[in-house]
Amino acid sequence: MPRIGVFVCWCGSNIAGTVDVSTVSEAVKNEQGVVFSTNYQYMCSQSGQDIIKNAIRKHNLTGIVVCSCSPRMHEATFRKTAAAAGLNPYMVEIANIREQCSWVHKDMLTGTQKAIVLTKAAIAKVNLNSPLTPGESPVTKRALVIGGGIAGIQTALDIADAGFPVDIVETKPTIGGKMAQLDKTFPTLDCAACILTPKMVDAAQNDKIRIYSYSEVEEVNGFVGNFDVKIRRKARYVKEELCTGCGLCTEKCPQKKVPNEFNMGMDNRRAIYIPFAQAVPKVATIDADYCTMLKTGKCGVCSKVCTAGAIDYKQKDEIITERYGAIVAATGFNPISMDKFDEYAYSQSKDVITSLEFERLTNAAGPTAGKLLRPSDGKHPHTVVFVQCVGSRCAAAEKGKEYCSKICCMYTAKHAMLIRDKYPDVEVYVFYIDVRTPGKNFDEFYRRAVEEYGVHYIKGMVGKVSPEGDVLKVQASDLIANKQLHIDADLVVLAAAIEPDKSARSLATMLTASMDTNDFFTEAHPKLRPVESPTAGVFLSGACQGPKDIPETVSQAGAAASKVIGLLAKDKLIGNPCIAHSDEMMCNGCSSCERVCPYGAITYVNKEFRMPDRTTLVRRVASVNEAVCQGCGACTVACPSGAMDLRGFTAQQIMSEVDAICK
Amino acid sequence: MQAISSRTLVDIAAKKLASGEVSAVLGWKKGLFNYDVTPAVFTDEKDLAENFVYTDFCAANLSKYLVNETKKPEYRADNRKILVFLKPCDTYSFNQLLTEHRIHRNRVYVVAVPCNGMIDLTGAPYEKCVNCKSKKAVVYDELVGENGEVIDSNRFDEVERIEAMSAEERFAFWQNELSRCIRCNACRNVCPACTCEKCVFDNPASGLENKAISDSFEEKMFHIIRAFHVAGRCTDCGECSRVCPQHIPLHLLNRKLIKDMNEAYGEYQAGAVEGSRAPLVNYSENDIEPAEAVGKGGNNA
Amino acid sequence: MKVSYFPGCTLKTTAKELDAYTRASAKALGVTLEEIENWQCCGGVFTTANDEIATKLSSIRALTEANAKEQPLVSVCSACHNVIKQTNRAMQTDADFAFRVNNYMRMQSDTYTEYHGEARVMHFLELLRDEIGFDKVAAAVKNSLKGKKIAAYYGCLLLRPGKTMQMDDVENPRIIEDLIRALGAEPVIYASRNECCGGYVALDSPDSAAKQSRKVLDGAISAGADLIVTACPLCRYNLIKNGKSDIPVVYFTELLAEALGVKETEDAQ
Amino acid sequence: MHNKDNVTERVLRISGVNARRCMKCGKCSASCPSYDEMEYHPHQFVYMVESGDVEPLLNSRSIYKCLTCFACVDRCPRGVEPVKLVEAIRLEVIREQGANHLRADDVPAKIDEDVPQQLLVSAFRKYAK
Amino acid sequence: MQVSEYKPRIVAFCCNWCSYAGADLAGNNRLNYPAEVKIIRVPCSCRVNPSFVLRAFQRGADGVIICGCHPGDCHYTSGNYYTRRRMAMLFSMLEYLGIEKERTRVEWVSAAEGAKFAATMNDFVETVAALGENKRLEDLRCKR
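Protein chains in written order, with the working numbering: chain R, 1 to 663; chain X, 664 to 964; chain Z, 965 to 1233; chain Y, 1234 to 1362; chain P, 1363 to 1506.
Hint data in this document are derived by calculation from the structure and do not stem from the laboratory. The structure presented is a predicted model; accordingly, all values stated were derived computationally and were not measured. From the three backbone atoms N, C-alpha and C, an ideal C-beta is built for every residue, glycine too. Hints may contain errors.
Claimed, not checked - To be clear about the criterion: a stretch of chain R counts as covered by chain Y if any three or more of its residues have a C-beta under 8 Å from a C-beta of chain Y, and this derived list gives those stretches:
id: 1; region: 385-397
id: 2; region: 460-474
What the hints assert, rightly or not - Below, in silico cross-link-like pairs of lysine-lysine (DSS-like), each with a Cα-Cα straight-line distance of 27 Å or less:
id: 3; chain 1: R; residue 1: K483; chain 2: Z; residue 2: K991
id: 4; chain 1: X; residue 1: K922; chain 2: R; residue 2: K607
id: 5; chain 1: Z; residue 1: K980; chain 2: Y; residue 2: K1343
id: 6; chain 1: P; residue 1: K1478; chain 2: X; residue 2: K922
id: 7; chain 1: R; residue 1: K607; chain 2: X; residue 2: K734
id: 8; chain 1: Y; residue 1: K1257; chain 2: Z; residue 2: K1205
id: 9; chain 1: Z; residue 1: K976; chain 2: Y; residue 2: K1343
id: 10; chain 1: R; residue 1: K106; chain 2: P; residue 2: K1369
id: 11; chain 1: Z; residue 1: K1127; chain 2: R; residue 2: K401
id: 12; chain 1: P; residue 1: K1478; chain 2: R; residue 2: K527
id: 13; chain 1: P; residue 1: K1497; chain 2: R; residue 2: K663
id: 14; chain 1: Z; residue 1: K1208; chain 2: Y; residue 2: K1343
id: 15; chain 1: Z; residue 1: K991; chain 2: Z; residue 2: K1106
id: 16; chain 1: Y; residue 1: K1343; chain 2: R; residue 2: K406
id: 17; chain 1: R; residue 1: K483; chain 2: Z; residue 2: K1175
id: 18; chain 1: R; residue 1: K663; chain 2: P; residue 2: K1369
id: 19; chain 1: Y; residue 1: K1257; chain 2: R; residue 2: K473
id: 20; chain 1: R; residue 1: K483; chain 2: Y; residue 2: K1257
id: 21; chain 1: Y; residue 1: K1257; chain 2: R; residue 2: K401
id: 22; chain 1: R; residue 1: K172; chain 2: R; residue 2: K282
As the list claims (entries may be wrong) - Partial list, derived from the structure: chain R residues whose beta carbon lies under 7 Å from chain X:
id: 23; residue: P254
id: 24; residue: C590
id: 25; residue: S592
id: 26; residue: R620
I would like the entire structure built from these sequences, with the hints used as guidance.
Next up, the structure:
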């Protein structure tokens, strides 16, 4: 039989001013289970808590109701009080007679009557409470970072620095990501490779970091602290441990006509290749789509020239399984396709390029060795037009993206400035809708492009680019002059909107991490938990969460790492005991609960049941992962049989409150 | 008249039984009178030949029986199968049960049979046949005759008629209908969506348990909650109304929900596609607000 | 195959050859064009104001007739096609407009059945590409146009608004070029091929139309074309009027009829 | 004379345009083939209607210069459809009795024998009611 | 007018993270609303089973209101989206059975919207009071 104590707090006059507290404590004396009832000035004070503790011990209370301020204020306090007196902390219920009673009602009679009802509801509930113990789960002290761009590298370095092992999975043959393709970085104009490649080397040399390049995450199971991840190591037909990266094979390979993706297809590479000089790992990879040996069995040049004997045409994809305590998504971004914006003639002229292509064009290691030359004829351009917001801020979802891509204003200013710096003879026009430069030293940077370098910034958009002969006729508006402009350009550079990498969607499904309509990962809270996914143990780093520049990416990468470190530093995870629980005798295995669970906390197991006829029956039943469930209760309503219930907020408890209130 | 004769179906089933491919046949068995047809399991060819019928009185939807049939030890033991005859509308129920993992697909051999509509003992067609929604069998291992098409039926007309009433009229209408309920549970027991291991209405812990009709609230509660429990899972097979001894048009409750969900969240037919996600276990960020879902019907609420 | 055919007024007067070559080519390709009974002028341009109903009823009548016959509605004049397709789209997407149109139509006929844009509207070019197939067209060619450098001129009405017309990439179309290739000739690509010829302002501001047309002609000529093809009588008028016979401008169907070897037959007269 | 607020409201209604969607990028005006013929340009139509300043537009010859080529519609990143505003304002003018911009009497002087039917029909539809 | 002594009974289900906190804020700011409103705390509005709503009416409630985080702001990311669908269907069904639609309501109240919470409750109580006692969903056995 429950033995319940009721403790009514005056809260000075905060409650007692509008609620007759002694009437309340008196009125509930005969409620079911109540064996003790009292009131006191400040229940949360040390002496108030002592009253509770003493009563629990003296009256062998099995549950208590504290009538006081909001549970959001002192529920935790009174739970500790109860625990100190040997009572399970979840045998405590709060009747909120301050915020939701004395403070919102004026007269004593009304306030007192309502306080009594609220107290009775809490008593009815606590009658049905049962002791709860939070679950514990171990933590595997290893992290997985998915994506090896600057976001992933920085996150991995920071985690490793705290002493935890970390693996990077990168789908390309080398880490480095988009930043490796960039020339200079704003607003300081230092060279991207100079600041990135040392970090790549650090990652490679750090004994806490393992890099799985040319690999993809195949499957994720488990939950926070214990994710089991299958990683596919794609066959690169080169033994990574033997290849010295000498590059001889990449010079001798007879298949020379493979578009070089690192240079945005503006030149060619061989079928066996190392993406760029500072690649990490510096290991050759055979492109199976182009390799004559793999396709026809005839060639074998690379194998012949390789003194290390690293070539292995028989190599197969390999699946490895590893357990991780935390996972960081750092899958990055790509520029969108320009197919739907052919008014800019991207598909019609080689001299209309995207900004990322322009990066390669000005990069000393790029296809033109850093000389600004037109892709079509290799001539020096005299007039260059930049178009901003191509596909960004675009309401038509079938064409572009509704959001601002955030980085374009700054890199365009950088490009314009770099051209004017190296080639003062080139006229540079930038067509913009707004110039957005929030960031340290950003606006100063943009102003320098205008004031010191004489870049023509024109408020307006380009309507059409018409390739005519070797000229690009640009028709645009100048909104401030209220004129339509016609410029004969030699090169047009489009600031293409950026979008999350295509792999993010399938990864999100594997991780049961949520995404927004644009396929950016969603944060657990947009303001207060910006680097965590709502799925426990999954963290977000870099542009996979939203458009970001390098400084912002690096700081977010560090923030994600610190969250990971905080998790891995724990030996055990203590859960919230108010979570869902399925009664397997009643469960139909219908999957309704699984479909509404935002956390993927519900799985199904085939369970054996003894039947009355002594046979066994295997039935599919739901099983709640206590470490993953957050206790929202969505599943309890989806469940048609009522097998699913929520501890601490059971259907019976809530109905008993309803009954008490309506009595 | 059904286009397919009992003989044709008996031949199919007998052949499968004889070959050992199936160990039982779930079908319809004739009784004393021609209208007296009951669902039955046949295990030998003789019984099948003598007693199996497929006539205009075979309205019963057999899919629900498979939930318990396939649990029986003989099917669990090895890969033995039960053959079932399903009319087009029954295949939706079967598919829905597959979606909910209530039936092991590999333990069942489905023979889809065409249906020209079924009649009651007075010879009148059942409501569910008058407003037949589909002649298309959506799942089968073997198809007898030609497969039909989904029908653009007028099944929501009656719901619309009630919606157009005033609140008083609607209340009076349902008070009149539901007050006849005797809580016999026939609707629940026949419903292919009601296959819970333990029904909430039989479970004292659910707070909803009540076995006898004792107050006008009780029947409303029972029918609203039942409609909700099958919402998004009800294929509109019409069995609830067919078996109701009090002739309460229970399908109008389920159809209201189907209509509402179709209008608010896009067309959805439970059981049409195995594994599909029902509207109430799904959402969109731009869903209508509850306040927008009401007030479309008659005046003065 | 049998389709409903909406010729339009210009095809009965100054652009008779466009009509004749279309019919001859269709026949040669095994397509029956069933002319809409008592068709009325489409109005020449689509009025974008959503309170205008009367100006769109002629399209509705043609659409409902084709729909009743369960045939696609084919036209060859760019303007007619544009008006009909935009009207049909409005019937699909603008419930208010459709409601009012249906009410109006019901007043005129008791047998009128509610229409919501179910009919399929096709330009003759789309018919060639999507139903017949350019490969079939190529196979039917008797007189290859090999060696000819031909500039396709789309103008605006064939392609825009892109969301409604859905014929091709608005900014970089290829349907006429593909047809030119199918006929054995070499298409000439130039940027102004989807620019407006000046259209109806030719009457009110002839200078403006002249400027537009010159831009198109210059583009085609400097790209090396020796012939321009178009689908629109108004485009052709503007280009010829402002072209000073630099370059011939003909209907694409004339080219088609020629290649199919039916240009001189009586069907084309 | 036109009541200013009523006209703006009517223009927005019959055009179905939501001028507030405009982000003032000027791509419509960058695309407009008749730009140099116009006193007010497509982006100004949008801005002026949005701010209720329609009077100058009603009195401007710009409304007869639009080719209705739909380039502004196709290229607008926000789906504003400026051409519909130009058309609505022109209708607002010519729907007034006696305000036709093109009269049948004017036609003979303007045409030659090759003029296609279509030109007359569309010009009348655009310029007269 | 006979506004008299009739006081409707209102059950308000509030989610812990937004609406319950919004109600607390109404208290902090001393914003009055009728004492007939009694709040039941649930972790998320999606915990509210349609049967709880019916239970409340059975036991004598005259109005039931469910408050949750604004769509898109759910602490559990998607709980209130399910609430929105379930309650839309429940309310429509109750209306279909002739129950006054004003007796049920869903309102999104954030933790910052104390004023909205109080205003919502004032309005809801007034609306339900105007309807009078809940007769159409009453259970005579539970009558006082």
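How the hints compare with the structure:
{"no.": "1", "hint": "385-397", "verdict": "holds (count 5)"}
{"no.": "2", "hint": "460-474", "verdict": "holds (count 5)"}
{"no.": "3", "hint": "R:K483 - Z:K991", "verdict": "violated, 51 Å"}
{"no.": "4", "hint": "X:K922 - R:K607", "verdict": "violated, 37 Å"}
{"no.": "5", "hint": "Z:K980 - Y:K1343", "verdict": "holds, 23 Å"}
{"no.": "6", "hint": "P:K1478 - X:K922", "verdict": "violated, 33 Å"}
{"no.": "7", "hint": "R:K607 - X:K734", "verdict": "holds, 13 Å"}
{"no.": "8", "hint": "Y:K1257 - Z:K1205", "verdict": "violated, 38 Å"}
{"no.": "9", "hint": "Z:K976 - Y:K1343", "verdict": "holds, 22 Å"}
{"no.": "10", "hint": "R:K106 - P:K1369", "verdict": "holds, 16 Å"}
{"no.": "11", "hint": "Z:K1127 - R:K401", "verdict": "holds, 17 Å"}
{"no.": "12", "hint": "P:K1478 - R:K527", "verdict": "holds, 23 Å"}
{"no.": "13", "hint": "P:K1497 - R:K663", "verdict": "holds, 16 Å"}
{"no.": "14", "hint": "Z:K1208 - Y:K1343", "verdict": "holds, 19 Å"}
{"no.": "15", "hint": "Z:K991 - Z:K1106", "verdict": "holds, 15 Å"}
{"no.": "16", "hint": "Y:K1343 - R:K406", "verdict": "violated, 54 Å"}
{"no.": "17", "hint": "R:K483 - Z:K1175", "verdict": "holds, 18 Å"}
{"no.": "18", "hint": "R:K663 - P:K1369", "verdict": "holds, 14 Å"}
{"no.": "19", "hint": "Y:K1257 - R:K473", "verdict": "holds, 23 Å"}
{"no.": "20", "hint": "R:K483 - Y:K1257", "verdict": "holds, 14 Å"}
{"no.": "21", "hint": "Y:K1257 - R:K401", "verdict": "holds, 17 Å"}
{"no.": "22", "hint": "R:K172 - R:K282", "verdict": "holds, 12 Å"}
{"no.": "23", "hint": "P254", "verdict": "violated, 50 Å"}
{"no.": "24", "hint": "C590", "verdict": "holds, 4 Å"}
{"no.": "25", "hint": "S592", "verdict": "holds, 5 Å"}
{"no.": "26", "hint": "R620", "verdict": "holds, 5 Å"}
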